[in-house]
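Student: Residue numbers (UniProt numbering), protein chains in the order written: chain Z, 1 to 160; chain B, 1 to 160; chain P, 1 to 160; chain G, 1 to 160; chain W, 1 to 160; chain V, 1 to 160; chain L, 1 to 160; chain F, 1 to 160.
Just so you know, these hints were derived from the structure itself, not from any lab. Note that the structure is a prediction, hence the values are computed from the model and not measured. A couple of the hints might just be wrong.
What the hints assert, rightly or not - So the derived list for chain W, only partly shown, Cβ under 7 Å to chain F, looks like this: (1) Arg114; (2) Thr116; (3) Ile139; (4) Leu141.
Unchecked claim - Straight-line distance between alpha carbons at most 27 Å, and here's what the computed DSSO-like set of lysine-lysine pairs gives: (5) B:Lys104 to Z:Lys104; (6) P:Lys78 to W:Lys149; (7) P:Lys44 to P:Lys149; (8) V:Lys104 to G:Lys104; (9) Z:Lys104 to P:Lys104; (10) B:Lys148 to Z:Lys45; (11) B:Lys63 to B:Lys148; (12) G:Lys104 to V:Lys78; (13) F:Lys31 to F:Lys104; (14) P:Lys104 to W:Lys104; (15) G:Lys149 to G:Lys5; (16) Z:Lys148 to B:Lys104; (17) L:Lys30 to L:Lys45; (18) F:Lys5 to F:Lys45; (19) W:Lys63 to V:Lys5; (20) Z:Lys30 to B:Lys44; (21) B:Lys30 to Z:Lys149; (22) Z:Lys31 to Z:Lys148; (23) F:Lys5 to L:Lys63; (24) P:Lys104 to F:Lys31; (25) Z:Lys30 to Z:Lys44; (26) V:Lys45 to W:Lys149; (27) Z:Lys44 to B:Lys104; (28) V:Lys149 to W:Lys149; (29) L:Lys148 to F:Lys148; (30) F:Lys78 to B:Lys78; (31) F:Lys30 to F:Lys149; (32) W:Lys63 to W:Lys148; (33) V:Lys78 to W:Lys63; (34) P:Lys44 to G:Lys149.
Ideal Cβ positions, reconstructed from N, Cα and C, are used throughout, including at glycine.
There are 8 protein chains.
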Amino acid sequence: MAKFKLDEVDHQILDMLIENTRTPFTDIAKKLLISAGTVHVRVKKMEEAGIITGSSLTLDYGKLGYSFIAYVGVYINKTSQTTFVLERIAQIPFVTVAHVTTGKFNIFCKIRARDTNHAKNVIFLLDDIDGVYRTETMISLEESINDKKRLMHSIFQDLV
Amino acid sequence: MAKFKLDEVDHQILDMLIENTRTPFTDIAKKLLISAGTVHVRVKKMEEAGIITGSSLTLDYGKLGYSFIAYVGVYINKTSQTTFVLERIAQIPFVTVAHVTTGKFNIFCKIRARDTNHAKNVIFLLDDIDGVYRTETMISLEESINDKKRLMHSIFQDLV
Amino acid sequence: MAKFKLDEVDHQILDMLIENTRTPFTDIAKKLLISAGTVHVRVKKMEEAGIITGSSLTLDYGKLGYSFIAYVGVYINKTSQTTFVLERIAQIPFVTVAHVTTGKFNIFCKIRARDTNHAKNVIFLLDDIDGVYRTETMISLEESINDKKRLMHSIFQDLV
Amino acid sequence: MAKFKLDEVDHQILDMLIENTRTPFTDIAKKLLISAGTVHVRVKKMEEAGIITGSSLTLDYGKLGYSFIAYVGVYINKTSQTTFVLERIAQIPFVTVAHVTTGKFNIFCKIRARDTNHAKNVIFLLDDIDGVYRTETMISLEESINDKKRLMHSIFQDLV
Amino acid sequence: MAKFKLDEVDHQILDMLIENTRTPFTDIAKKLLISAGTVHVRVKKMEEAGIITGSSLTLDYGKLGYSFIAYVGVYINKTSQTTFVLERIAQIPFVTVAHVTTGKFNIFCKIRARDTNHAKNVIFLLDDIDGVYRTETMISLEESINDKKRLMHSIFQDLV
Amino acid sequence: MAKFKLDEVDHQILDMLIENTRTPFTDIAKKLLISAGTVHVRVKKMEEAGIITGSSLTLDYGKLGYSFIAYVGVYINKTSQTTFVLERIAQIPFVTVAHVTTGKFNIFCKIRARDTNHAKNVIFLLDDIDGVYRTETMISLEESINDKKRLMHSIFQDLV
Amino acid sequence: MAKFKLDEVDHQILDMLIENTRTPFTDIAKKLLISAGTVHVRVKKMEEAGIITGSSLTLDYGKLGYSFIAYVGVYINKTSQTTFVLERIAQIPFVTVAHVTTGKFNIFCKIRARDTNHAKNVIFLLDDIDGVYRTETMISLEESINDKKRLMHSIFQDLV
Amino acid sequence: MAKFKLDEVDHQILDMLIENTRTPFTDIAKKLLISAGTVHVRVKKMEEAGIITGSSLTLDYGKLGYSFIAYVGVYINKTSQTTFVLERIAQIPFVTVAHVTTGKFNIFCKIRARDTNHAKNVIFLLDDIDGVYRTETMISLEESINDKKRLMHSIFQDLV
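Starting from the given sequences, assemble the full structure and let the hints guide the process.
Tutor: Written out as structure tokens, the structure is:
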């Protein structure tokens with residue numbers, strides 16, 4: 001797949017928005033010595049190209065009472081059920097990430113819960129989906145890194 | 001730990017910002033029939049309470065040439081080295097998530113890379129950190145869910 | 001969940017009862033320079049608060065011919081059967097502990113038996129419960145520590 | 001090893017003390033139509049024979065803020081270090097049970113902690129003992145059975 | 001279970017028969033300075049006590065074209081099928097040993113075969129028994145020790 | 001490797017000796033309608049060809065107080081130590097069988113012991129051999145088959 | 001099975017053809033100082049003996065867009081289905097190698113695919129074969145050696 | 001990486017050469033109704049583009065006395081040793097394939113040997129390489145598929 005070509009200006013715009021998505025375009029324009037209109041056009045272009053697909057708030061889940069994180073590996077009976085199982089998983093809001101994977105698991109999920117007991121209930125929801133015959137859970141004792149900014153900076157340096 | 005109490009207004013503000021972090025406060029104010037100043041105060045309060053810790057762009061990594069995702073379990077020699085190893089891992093931008101975990105691994109990472117060969121290089125960087133004596137990799141064949149919005153909505157309903 | 005607040009007197013009473021559950025309240029009263037009535041009231045209060053839920057004899061199982069200890073991991077077909085399986089496990093007196101667990105097993109049990117042959121029969125009882133499709137056994141070669149007193153002392157120091 | 005022979009009276013005395021260790025001997029005597037002195041003599045005899053080795057309070061650890069239970073398998077470098085490692089483990093009050101086992105682990109422990117973070121610290125204490133090169137943790141989602149009374153009743157019926 | 005008491009003479013008789021089962025009783029008698037009749041009586045007594053249950057030729061399986069040895073772990077669906085499965089296994093002459101075991105396997109077998117292809121056929125016979133749902137094979141590269149004489153000598157020294 | 005050719009007479013002689021190693025040659029001769037000398041010559045020939053390498057008593061280990069059987073998988077640091085480790089294992093009389101194997105273990109042993117505690121000591125002896133860094137034990141709950149006669153009969157039918 | 005005897009001339013012919021299958025027989029003849037007819041006769045003889053069974057082009061799969069290599073272990077329900085499953089696997093052109101194996105897998109395959117997504121589809125084809133209940137995938141990060149020439153040279157030296 | 005574009009003629013030439021590498025170009029030319037020179041040019045072009053990298057004889061290893069196939073997973077101490085270990089592996093002619101892999105092994109090899117004993121020696125060679133601390137072997141009971149022709153045909157259809 002051909003890579004979208006970002007130039008130095010795109011790169012600097014993204015760099016600022018990554019640090020703070022709400023940075024006003026006029027601030028970006030001033031810093032880069034371009035017009036706010038140009039910032040607007042560039043961002044629009046990156047959105048239309050599907051590079052920027054949205055923005056999200058970063059919340060402190062611990063403060064919100066959701067400090068329990070676990071990874072759950074899911075085994076399913078037949079891979080023809082994968083799509084069906086994923087649809088059912090998507091109905092459990094406490095599953096924030098799910099991947100079809102190689103290795104021992106068919107699907108690998110990340111869940112956030114309030115505590116051990118809540119996690120048990122979420123895991124049981126996964127276990128009870130038709131086609132799932134086993135799950136295996138690995139509990140996070142500490143979320144040490146959760147940061148895509150370093151990756152994004154690295155990608156921009158690589159792309160320019 | 002005492003949970004921060006969010007009221008219905010906070011909840012609705014967050015709901016709108018979660019959908020689009022860049023939504024102007026005036027739009028939010030109009031929709032909720034409150035003043036833009038109130039929106040501003042509420043957001044500020046949630047930032048000061050540490051509930052909102054920032055915002056991030058959602059980029060399409062595939063479009064940027066980084067479609068390869070893998071989970072890497074890291075075994076370390078002595079847990080007293082955990083902090084040191086995590087500091088070294090934090091210097092590898094392609095590791096976007098890292099957890100100290102129970103179960104067979106000491107540290108569990110998520111990496112994004114360009115392709116198989118790039119992934120190999122990233123895994124080798126992990127393997128070569130002092131104190132790491134083995135890694136085990138599980139490759140994602142498809143990222144089916146990566147969405148914290150459902151969780152956030154669920155939390156707000158739970159909190160109100 | 002709010003922790004029940006124990007004061008220094010409660011702590012000292014528990015400390016003595018932990019060493020010997022049958023210590024007469026008059027002995028405790030004399031040692032703590034309080035009235036036996038106070039001891040009685042405090043113990044009653046801790047019972048009503050559900051802190052003290054009972055007392056048990058410590059027997060030497062080896063002397064009673066039950067020196068064989070094993071841990072048995074139980075896999076069940078669907079977690080919706082967990083409650084049913086636990087009820088059936090509860091009917092086997094040789095299972096003294098059972099936990100719903102994360103990781104590879106659904107339920108994890110501790111059993112005490114007379115010898116290898118008796119253990120085999122107990123494991124077969126577990127294996128034959130409807131909904132159980134496999135068990136995996138780890139045999140204890142020596143029970144080196146089985147003592148909650150150190151924990152209780154630690155908790156009291158922590159709570160005061 | 002020869003089993004100690006308990007007669008029907010011993011059995012009934014134990015049965016009552018197991019239900020409540022603090023049952024007064026006079027109550028037991030009245031129920032069994034024997035003298036309180038006989039109860040006293042029988043209990044003493046069972047203590048001297050090492051059958052009864054003590055008594056312990058049953059506390060609700062959840063109420064005390066210690067609701068987190070985990071099983072930790074410990075691998076050690078050389079079995080000649082087993083005694084040394086067990087001595088060090090015995091200094092960690094949050095380890096309530098430890099067994100030398102067959103199977104994949106050298107030592108298998110049960111720990112009680114306040115929460116995920118506290119559990120991490122306890123596991124790190126185990127990991128940092130000299131001679132320990134790895135631990136593997138399985139977290140309890142629910143303690144469904146913890147009851148030796150059924151076993152004791154079963155033993156007494158078996159012995160008589 | 002009470003151990004049968006062997007005296008020094010029994011021990012010396014067994015020691016000689018273990019080295020060579022066909023040693024004439026007159027040779028044993030001469031060496032031990034007892035009568036051949038005594039040897040006969042002692043051996044008979046040990047046979048009647050069930051200590052000696054038979055004798056077997058030691059053949060060189062490699063010379064007979066059966067040099068391929070493997071251990072096969074057998075998983076069965078329900079332990080209630082164990083007896084049935086063992087009866088079926090007993091009809092496969094290439095299985096020389098079978099144990100009901102703890103750990104991951106339900107039954108653990110030793111097989112001798114002519115070569116890789118023959119071993120495959122024997123393993124397939126095991127796999128096709130009703131109630132067996134998986135087998136796992138570990139192949140011997142060299143039979144380094146197969147000798148119970150050292151054990152027997154050790155037992156006799158221990159018993160005397 | 002060329003197989004030694006046994007004829008029908010050899011086969012019938014072996015068949016009788018396998019059932020009872022002490023069967024007098026005259027009995028065999030009478031049954032097969034040949035001379036005792038012929039039996040003697042044939043047995044001698046099979047001994048010289050290395051087909052018959054000896055004979056052993058079959059003892060009831062349970063009756064001798066050795067009813068505990070376990071399989072122990074041994075991991076060694078470097079395969080160059082295999083010969084050294086095997087020599088050390090050969091000095092432990094309670095190890096009756098040892099194989100160099102494929103799969104997860106380097107060496108796989110069968111041990112016989114008196115009970116759980118004795119087994120622990122034997123396993124510790126294995127663990128303490130230089131070059132051994134781990135062992136893993138699987139305990140036999142029941143020795144269901146231990147019989148090479150079926151194999152031998154099968155081989156003879158195959159060879160003729 | 002008796003080995004076919006190759007002489008020094010056969011060996012040298014094979015050595016040259018192994019380096020380049022298209023080497024004209026006249027070139028081989030000139031180099032070995034024999035007639036082209038002899039080369040022809042020898043090659044024909046080795047073909048008739050089934051030693052040479054064909055020849056194949058070595059293509060660069062990466063250049064052809066097939067750089068993704070994975071090993072897939074296949075578990076099947078009953079070994080009686082092995083032949084059926086292999087026939088189905090043979091219909092998937094992306095499976096280039098398949099073995100019936102000992103150890104944890106029943107069948108072990110090597111696949112070549114275009115990329116992660118294509119590999120997922122190939123794995124799903126395997127998973128969906130009747131009788132297959134699980135697969136486990138190991139992805140190649142680099143094909144470091146793929147060369148049978150060294151083996152062939154070694155065999156020829158061994159055979160001569 | 002841009003794919004080399006093969007046209008229908010290239011495809012048909014490869015199709016014929018794949019079936020038999022030694023097919024004379026004149027035969028190919030006649031069948032495709034083009035000149036032998038064109039065949040020559042096309043093949044040359046594909047060789048220069050690195051699509052065709054050579055050709056190899058297909059030999060029957062069983063007939064040559066090498067019917068024993070095993071897969072060996074290699075664990076190495078530090079991935080910085082990977083290149084060194086691969087160089088040493090490349091000196092063992094019985095290793096025909098080696099991959100750097102994800103999952104539990106660092107390097108995964110395919111070996112061909114004469115028999116069990118020879119395989120043991122080859123595995124020991126791998127185990128004794130500096131930096132290798134363990135290997136794990138899976139033995140092939142039957143090579144059911146080893147055929148890249150189906151893949152090549154599939155690729156050509158895909159490319160045209």
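Student: The structure should be examined with respect to each hint, and the outcome stated for every one.
Tutor: Now the hints, each set against the structure:
no.	hint	in the structure
1	Arg114	violated (12 Å)
2	Thr116	holds (6 Å)
3	Ile139	holds (5 Å)
4	Leu141	holds (4 Å)
5	B:Lys104 to Z:Lys104	holds (14 Å)
6	P:Lys78 to W:Lys149	violated (50 Å)
7	P:Lys44 to P:Lys149	holds (21 Å)
8	V:Lys104 to G:Lys104	holds (12 Å)
9	Z:Lys104 to P:Lys104	holds (12 Å)
10	B:Lys148 to Z:Lys45	holds (26 Å)
11	B:Lys63 to B:Lys148	holds (21 Å)
12	G:Lys104 to V:Lys78	holds (20 Å)
13	F:Lys31 to F:Lys104	violated (50 Å)
14	P:Lys104 to W:Lys104	holds (12 Å)
15	G:Lys149 to G:Lys5	holds (19 Å)
16	Z:Lys148 to B:Lys104	holds (26 Å)
17	L:Lys30 to L:Lys45	holds (20 Å)
18	F:Lys5 to F:Lys45	holds (11 Å)
19	W:Lys63 to V:Lys5	holds (10 Å)
20	Z:Lys30 to B:Lys44	holds (25 Å)
21	B:Lys30 to Z:Lys149	violated (33 Å)
22	Z:Lys31 to Z:Lys148	holds (23 Å)
23	F:Lys5 to L:Lys63	holds (10 Å)
24	P:Lys104 to F:Lys31	violated (61 Å)
25	Z:Lys30 to Z:Lys44	holds (18 Å)
26	V:Lys45 to W:Lys149	holds (25 Å)
27	Z:Lys44 to B:Lys104	violated (46 Å)
28	V:Lys149 to W:Lys149	holds (20 Å)
29	L:Lys148 to F:Lys148	holds (15 Å)
30	F:Lys78 to B:Lys78	holds (16 Å)
31	F:Lys30 to F:Lys149	holds (23 Å)
32	W:Lys63 to W:Lys148	holds (21 Å)
33	V:Lys78 to W:Lys63	violated (31 Å)
34	P:Lys44 to G:Lys149	holds (23 Å)
The structure is inconsistent with the numbered hints 1, 6, 13, 21, 24, 27, 33, although it conforms to all the rest.
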